[in-house]
Amino acid sequence: MNRLIRFSGATVRIPGRSPEVRDLAVQGGIVVDAPASENDIVIDATGLELLPGLTDLHVHLRDPGLTYKEDIESGTRCAVSSGVTSVVALANTDPVNDNPETTRYVIEQAESRAWCRVLPVSAATMGLNGEELAPYHQMLDAGCVAISDDGATVEKAGVMRRVMEYARSVNLPILPHCEDRSVRAGGVMNAGEVAVSLGLPGNPREAEEICLARDLLLARLTGAHLHVQHVTTAGGINLIRNAKAEGVRVTAEVCPHHLFLTDEAVRECGTHAKMAPPLRTASDVDALRDALREGVIDVIATDHAPHARHEKDLPFEAAPDGIIGLETLMPLCLKLVAEGVMDWERLLDLVVTGPRRVLGASGDVLGTGAPADFCLVDCSREWTYVADDGQSKSNNSPFDTWTFTGRVTTTFVDGVCRWDLDDVMPDSLKPRAGVPFQRP
Amino acid sequence: MPNLFGLRDLTAEQLTYLIGQSRSMLEVLQRPVPVVPALRGRRIGLMFFEPSTRTRMSFELAVKNLGADSLNFSAGGSSLSKGETLLDTAMTVSALGAHCIVVRDSHSGMPEFLSRHLDLPIINAGDGTNEHPTQALLDLVVMGEEWDDAFAGKTLSIVGDISRSRVARSNLWAARTLGMTVRLVAPRTFVDPGLEDCFGVPVFTDLEQGIRDADAVMALRVQKERRQAGGPYIPETLDYFLRYGLTRKKLDDLAPNAVLLHPGPVNRAVELAPDLLYNPDRSRIQRQVTAGVAVRMAVLYWALGASDE
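Sequence order for the protein chains is A and B. When we follow the working numbering, the leftmost residue of the first sequence carries the number 10, and every step to the right adds one. When we follow the working numbering, the leftmost residue of the second sequence carries the number 37, and every step to the right adds one.
Keep in mind that the hints were calculated from the coordinates and are not lab data. Note that the structure is a prediction, hence the values are computed from the model and not measured. Treat each hint with caution, since some may be false.
Said to hold, decoys possible - Residues from chain A that face chain B, not an exhaustive set, calculated with beta carbons under 8 Å:
no.	residue
1	GLU140
2	LEU142
3	ALA143
4	PRO144
5	TYR145
6	HIS146
7	GLU164
8	GLY167
9	ARG171
10	SER178
11	LEU226
12	LEU230
Claimed, not checked - With the Cβ distance kept under 7 Å, some of the chain B side facing chain A (calculated, not the full set):
no.	residue
13	PRO223
14	THR225
15	THR241
16	LEU278
Where a beta carbon is used, it is the ideal one built from N, C-alpha and C, also for glycine.
Okay, chain A solo, but in the shape it has when bound (with noise of 0.2 Å):
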């Protein structure tokens, strides 16, 4: 029944290692360092790229209660056709996942119907309501692995305080997004050129980074670990090098269609390319994509977030903030690693390891014992993202109808098989949905 299952011919790339051509084998759910035996499954995975499975730290599924944009089964569908073999998922359901039962609920159905793993986020407070604290301890307990009102920003800084200082009980980090509400003053998109000759109301950079500067000081008077969501101005960039530097705990991610598209999108895309913080300039994807290399940025994240056809088809003020982004996380990941925006190993370092240490798990992946969580790549395969025809209930992406070349072939979550792009396992490895809980 447990049969022993080998990779071979794969380039394997695992963090902190040179690439090699080499057999993996997979039994029980974990790698194992066993001889090539006759009874043994092979796949031949020759000419593909073999990389541990990626972790986004920053997932919108939906569900319970918004399961017409998406659910716990569609989005984790999603996540493994781009590699992704866990997601973190944030706490604005409906209810919110300010309780426990509300936790144990998403785990639930993530064992049951997940293609990945997942991983809840607790709201930071109450019904994000930015004024009492959520139960964190029991949050800890039930199985929540951060702290987050995401887009619902705490807006009083004390409140924030708070937040940071009860977090350090159960040692979970919290992600803030760091916009100031009042001074964002209702815009819709970069304050800038673009945004007066649509004749949109601006959302300038300085409320994201007036909201990130008191997080990164609250966060240096209470010692708890702030992981900033999608960073996207190069003054961001500068407050989280200077904090870093100052000794504040203090993690950040980008998005991927922070580092690709600018404000200028909006023309095209229309509410496909409205999300908050906003796509900004040319000058700010430069100083993003700088960070990456620099290191400032430890995270590349998606901020999937699905939104309806009907909610999204209206005027480009009234549309809701948010796009899709799992599907096209591993192309344009791959796309960086092909402009030379990075090599192999730092891309690693921001999907694999640097999200694992975020939520405090080890670096160490894919050795002998580890979780069996990978995938292969085809880096050669060209191919066109239709987000109509994609693994979302969504297609609010603006990178619909892009070329991209490299794909995600076959992933496995626990030893399981969750993705087979060309229908090639063997019928006893046929993908199957349901993963079991585990703490990263």
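For this one, chain A is given, so just place chain B on it according to the hints.
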């Protein structure tokens, strides 16, 4: 002038003297008629500008047991409500013939302030977030009963709202003077920056580490009424209780020899499991209340009797 502003100011000898005097007073309290008329004819102003049950009642009893008279004063029905300042009120009490003033007020430093203007001993019955010296003295008396007054090297874990606790601070000063080890155990919302540096004590966010092998564990009241100002300090109280609430099992597993103290009033199922409150093996909370009367007798006698004019 024998003022008692706080334990910060007392030497080890003074602390030991007051603890010893308190023990004598505890003996008095054992008598069929628990009275020593050492302060007969003395008038003691009890000025409580903040609500109080234990402290106020025990000072009243202490005054009676020493044969003195009390001038009672509470904020509600007084001329304070007519706009008189606290100092004016204290001046009035002095002019009425009080020989000593016991004061409780929400402002840190009030006893010292009053003493700058009044020529009579001032006893602090709790000032803001600063000190509550008679409470910490009674804690020492109760702990000392367990340890034959060998305080040096003993470990006291204080659990709860440290920063806003004058009880914790008085205990911290005294513990330092007597060579005790103190550990503070609390979520960081209850620990102001600088606390560790000021007292040179560690802060534990983890209760299990914080109370392990302690000789005494003191739980502090979670001030629910203060959740608004400057808060939120904790989520709903269950979350606090699950991690910081003391239970029989946690004490048995982690600090099998520790006695339990609490300055009261207790929030059941917030700081303590209900069955711990009057548990005779563990809890010294009732003993604290009794010792409080003796301590206040000792302090009043020290302030008035020992330095007879």
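Verification of the hints:
Because the closest C-beta pair between A:GLU140 and chain B is about 7 Å apart, less than 8 Å, the hint holds. Because the beta carbon of A:LEU142 sits about 4 Å from the nearest beta carbon in chain B, less than 8 Å, this interface hint is met. Hint status for A:ALA143 relative to chain B: holds, with the closest Cβ pair at about 6 Å, below 8 Å. Proximity of A:PRO144 to chain B holds as hinted, the smallest CB-CB distance being about 4 Å (cut-off 8 Å).
Interface restraint check: A:TYR145 against chain B, minimum CB-CB distance 7 Å, threshold 8 Å, status holds. Taken as an interface hint, A:HIS146 checks out: its beta carbon lies about 5 Å from the nearest beta carbon of chain B, inside 8 Å. At its closest, the beta carbon of A:GLU164 sits 14 Å from a beta carbon of chain B; the interface hint therefore is violated under the 8 Å criterion. The beta carbon of A:GLY167 comes within 7 Å of a beta carbon in chain B, closer than 8 Å, and the hint placing it at the interface holds.
Among the interface hints, the one on A:ARG171 holds; its C-beta lies about 5 Å from the nearest C-beta in chain B, closer than the 8 Å criterion. About 4 Å separates the beta-carbon of A:SER178 from the nearest beta-carbon of chain B, less than 8 Å, and the hint is met. Of the supplied interface hints, the one on A:LEU226 is violated, with its beta-carbon coming no nearer than about 12 Å to a beta-carbon of chain B, more than 8 Å. At its closest, the beta carbon of A:LEU230 sits 7 Å from a beta carbon of chain B; the interface hint therefore holds under the 8 Å criterion.
Contact between B:PRO223 and chain A, as hinted, is supported at the beta carbon level, the nearest pair being about 4 Å apart and thus within 7 Å. Below 7 Å, beta-carbon pairs count as interface contacts, and B:THR225 has one with chain A at about 4 Å; its hint therefore holds. Checking B:THR241 against chain A: minimum C-beta separation of about 4 Å stays under 7 Å; hint holds. The restraint placing B:LEU278 at the interface with chain A holds, with a minimum CB-CB distance near 5 Å, inside the 7 Å limit.
Hint violations for this structure: numbers 7, 11, all remaining hints satisfied.
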